[in-house]
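A.B. asks: What follows is the residue order along each chain.
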Amino acid sequence: MAIELKDVSFAYPNGYVANEGLNLVIKDGELLSIVGQNGAGKTTAVKLMNGLNKPSKGDVLVDGVNTKEKSCAWISKTVGYVFQNPDDQIFNSTALAEIEYMPRYMKLSEEEVKKRSSRAIEMTGISHYLKMNPLDIPYAIRKFVAIAAIIATQPKYLILDEPTAGQDKRGNEILENIIKELKRDGTGVIAITHDMDFVAKNFPRIVAMAHKNIIADGTAKEIFWNSAIVEESRIKKPQIAQVAERLNLPGSILFREELTNALR
Amino acid sequence: MVVAEFKNVNYKYPLTDEYALKEINFQFEEGKFYGLIGENGGGKTTLCNLIRGLIPHFYNGELEGSAKVFGTDIKEHNVEELAVKIGYVFQNPFNQMSGIKSTVFEEVAMGLENLGVEKNEIIRKVEDVLELLGIEDLMTKNPNELSGGQRQRVAFASIIVMDNDMLVIDEPTSQLDPQGTENVFEIIRKLKQAGKTIILVEHKIDLIAEYCDEIIVMEKGQIVCSGETKDILSRMELLDYGALIPQVAVWGHEMGGAGMPLPEIPITVEQAVRLVRERGRMTDGN
Amino acid sequence: MEKSFIDSFREYQKFDNWFINFNPLSKLNILLALGFSSMLLNNWKYGFSLCILFCILAFAVGRGKQFMKPFSVIVLIFGFFTLVIRQFSVSGTTVLFELFGVLPVTKEALINGLNTASYLLGFSGAIVLFFVTTEMRDLMYALEKKGVSHEISYIVLASFQTIIDLKKNTDLIMESQKARGIETEGNVLNRIKAFFPILGPLVLGAISSTEEKSIAMDARAFSVKCGHTFLRELRPVPLPEKVVVILTDICFVLLVVFKIYQVFG
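Sequence lines, in order, name chains A, B and C. First residue of the first sequence: 1, per the working numbering; consecutive thereafter. First residue of the second sequence: 1001, per the working numbering; consecutive thereafter. First residue of the third sequence: 2001, per the working numbering; consecutive thereafter.
For the record, the hints were derived by calculation from the structure and aren't laboratory data. The reader is advised that the hints may include incorrect statements.
[What the hints assert, rightly or not] In silico lysine-lysine, DSS-like type, Cα no more than 30 Å apart, as pairs:
#1 2213(C) x 1012(B)
#2 1220(B) x 201(A)
#3 6(A) x 180(A)
#4 2225(C) x 1075(B)
#5 1192(B) x 2168(C)
#6 2003(C) x 1141(B)
#7 2213(C) x 1022(B)
#8 237(A) x 1230(B)
#9 2213(C) x 1196(B)
#10 6(A) x 57(A)
#11 1075(B) x 212(A)
#12 180(A) x 114(A)
#13 2193(C) x 1220(B)
#14 77(A) x 2167(C)
#15 131(A) x 1012(B)
#16 2145(C) x 1119(B)
#17 2213(C) x 1141(B)
#18 2167(C) x 70(A)
#19 1085(B) x 2145(C)
#20 77(A) x 2193(C)
#21 1141(B) x 2167(C)
#22 180(A) x 1220(B)
#23 2225(C) x 2145(C)
#24 68(A) x 107(A)
#25 1075(B) x 2213(C)
#26 201(A) x 70(A)
#27 2168(C) x 70(A)
#28 180(A) x 1204(B)
#29 1141(B) x 1032(B)
#30 1204(B) x 237(A)
#31 1196(B) x 2225(C)
#32 1125(B) x 2146(C)
#33 1141(B) x 1125(B)
#34 237(A) x 77(A)
#35 1230(B) x 201(A)
#36 2107(C) x 2259(C)
So that you can see chain A by itself, here it is in the shape it has in the complex (with noise of 0.2 Å):
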């Protein structure tokens, strides 16, 4: 099974085209990172992936299931979806019940909740929180609770949209546990983010995105040191493989000891 975009494009009501003819096949439990500038089309291919966007040209498919004939509600049970700013999602009155509210929703049982939600509290590393209000916890641990709020609803794929925005070093590693935890359960993950130390370490595939479609789909290595890709889709390449293209090293270089090991 697999979220399937095939040839899709998107325009909004007022007429602006964002996507352009994107295909690509995402398989379960798999991890992606879409990279690219802003304005390159990467929210709105996402929202293609969980029925936000419905496709004006070609068909999304979310485990066969053509996303234009179900509402966005439905496909995500399959494909969640945390958006940037958690003050878009956030409105109960603890961070418990914010956890606890989507699976109440979906009728579950009260054992069941529990059990989702204590999971969810975990990988995100929130327990120190549950009892306060949203709003008086960190903009950043808002963040966790955001995604643990989608993350208790048990998604087979789940979509970040900037997580790493605003981290520090402990709230990356956070996520970086929250991916390898998602992967352990057979989750998929696909984010957008900005920070490319961040996706070469933990994303196994990267789609790269410039002006309204995908011009790369590979590997940290492939992608990075693709000057053409670097280029076109302005990323900035992390600091380590800088060191190495500045000294001419072969190898693809993209971490510490790799590069440590070039000058052996």
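Start from chain A and add chains B and C according to the hints.
C.D. replies: The following block gives chains B and C in isolation, referenced to the frame of chain A:
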């Protein structure tokens, strides 16, 4: 010259038990560019609020110790005037537009109108600042219809035009892409050249390493260490404080561990490249 | 292009024609006087002539479309309803014809209805014409010059952008809630269930952005107490314009006096 001086400052926000700032002792010097880094919730924004007089004038709470800005105790400042003397740019570009001006030119001019500056003087200053920041092409655009990155540059222009000597900049790039981030840092570089005192809160440690003169690291409301950028950002213990150091610095330490120490720890790509070459020459010489 | 744009601020703002060039307060004065005069006279011939005058004026100054759009709706709704209601509330004797063969339409009720409709339309026409020929920022500029505080001016002007922003935010929050699985479409129950998840973030977002905005505006000297200058300036009111305004007001006062005399005399 010292522009802001804090001695044994402790501060608690209203209705909270924990100190948001603990034992702050620090002097900010004129014309220096400070990078304020550390964990979220560590007190970075609170310190910015104190410097700008929002504490104690806007947020009450308990303030202890001596906090002086421009030689005057923070409590005695006229907060409206202090807000203008110390420019402020923050994270969300949308909330920094006035929402009442229909072109970028007028948006940038608003602060000067409020100060009662003569019209031809306003026009001259706005033209200058748009040129300085390279955003002349935006001047006839509606500020409410720009992208986040463009708005953030307009926000900078709207503050810089008032010719403040000191700027507090709180996470200006966290909602921007690499191109937008680069544009913002280009602006900050120009401000530094113009001799402004700058206090920048930022998570993008590579850029901090490249631009700042001094680093202040905060954790749990305290300043845990501070000093010259090169000295601070090459320390591994920053990671224990919940702060980041550049990847090349971590790598520099690992090179030492692998028995191939570099002459010093690099904090930028430039330095790393230079140091590898130097080391190459040294080993060749042996 | 940019040079001439910048230079446009050095002089007083120029508008495409004489009527729009009128100072907003002069315009408001004249149009209100005309609007109230149609109320005082309560005569359909005068009222409708005034409406026709407004239409001609709107087209003559290039705001015909903008004027007709709201005005025609007002004409249809107010005009039609007043005529119908008056048929029921005013008992007349001169039956003109019988609607559907049963409802009598009388001359007295018709004229009464026309009179009422004409003064409602005359008055609303004046208001609509004012707003399609005056930019809000120019009105606020003129009011600020007369001593209205710039805080009030800011609130009025910012409210337009605030409404646009609120709409955008609502859309975003709706998407966010849909994306987590809350049905916002379909039956009434679904919609009611989706109410809090949308309203909550909207209100909280508005509060926090207001706080941020006020801090941002203070950094731009919004609260500094001193005289302001204006980058964008309207011309001072020229003598002929003053004369027109004063003459209009004299006529209006005479009309009021005449009306009082008619009622009590």
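A.B. asks: Holds or violated: are the alpha carbons of residue 1075(B) and residue 212(A) at most 30 Å from each other?
C.D. replies: Violated - the C-alpha atoms of residue 212(A) and residue 1075(B) are around 53 Å apart, more than 30 Å.
A.B. asks: Verify the proposed pairing of residue 1141(B) with residue 1032(B), using a straight-line Cα cut of 30 Å.
C.D. replies: violated, 34 Å
A.B. asks: So if I understand the rule, the pair passes when the alpha-carbon distance is 30 Å or less; does residue 1075(B) with residue 2213(C) pass?
C.D. replies: holds, 23 Å
A.B. asks: Would you check the hint for residue 2145(C) and residue 1119(B), treating anything up to 30 Å between C-alpha atoms as holding?
C.D. replies: At roughly 16 Å apart (the allowed maximum being 30 Å), residue 1119(B) and residue 2145(C) satisfy the hint.
A.B. asks: Taken at face value, is the distance from the CA of residue 201(A) to the CA of residue 1220(B) at most 30 Å?
C.D. replies: Within the cut-off at roughly 29 Å; holds.
A.B. asks: Please verify whether residue 2213(C) and residue 1012(B) have alpha carbons no more than 30 Å apart.
C.D. replies: holds, 24 Å
A.B. asks: So if I understand the rule, the pair passes when the alpha-carbon distance is 30 Å or less; does residue 237(A) with residue 1230(B) pass?
C.D. replies: holds, 22 Å
A.B. asks: Assess, step by step, whether the Cα of residue 1230(B) is no farther than 30 Å from the Cα of residue 201(A), and give holds or violated.
C.D. replies: Status holds; Cα separation ~26 Å.
A.B. asks: Quick one, are residue 1085(B) and residue 2145(C) close enough, alpha carbons at most 30 Å?
C.D. replies: holds, 27 Å
A.B. asks: Hey, residue 1192(B) versus residue 2168(C), does the alpha-carbon distance stay inside 30 Å?
C.D. replies: Given pair residue 1192(B), residue 2168(C) is violated - Cα atoms ~37 Å apart, limit 30 Å.
A.B. asks: Measure nothing beyond the straight line between the CA atoms of residue 6(A) and residue 180(A); if it is 30 Å or shorter, mark the hint as holding.
C.D. replies: holds, 29 Å
A.B. asks: Taken at face value, is the distance from the CA of residue 2259(C) to the CA of residue 2107(C) at most 30 Å?
C.D. replies: holds, 25 Å
In terms of the numbered hints stated before, the structure departs from hints 5, 11, 13, 26, 29, 34, listed from lowest to highest.
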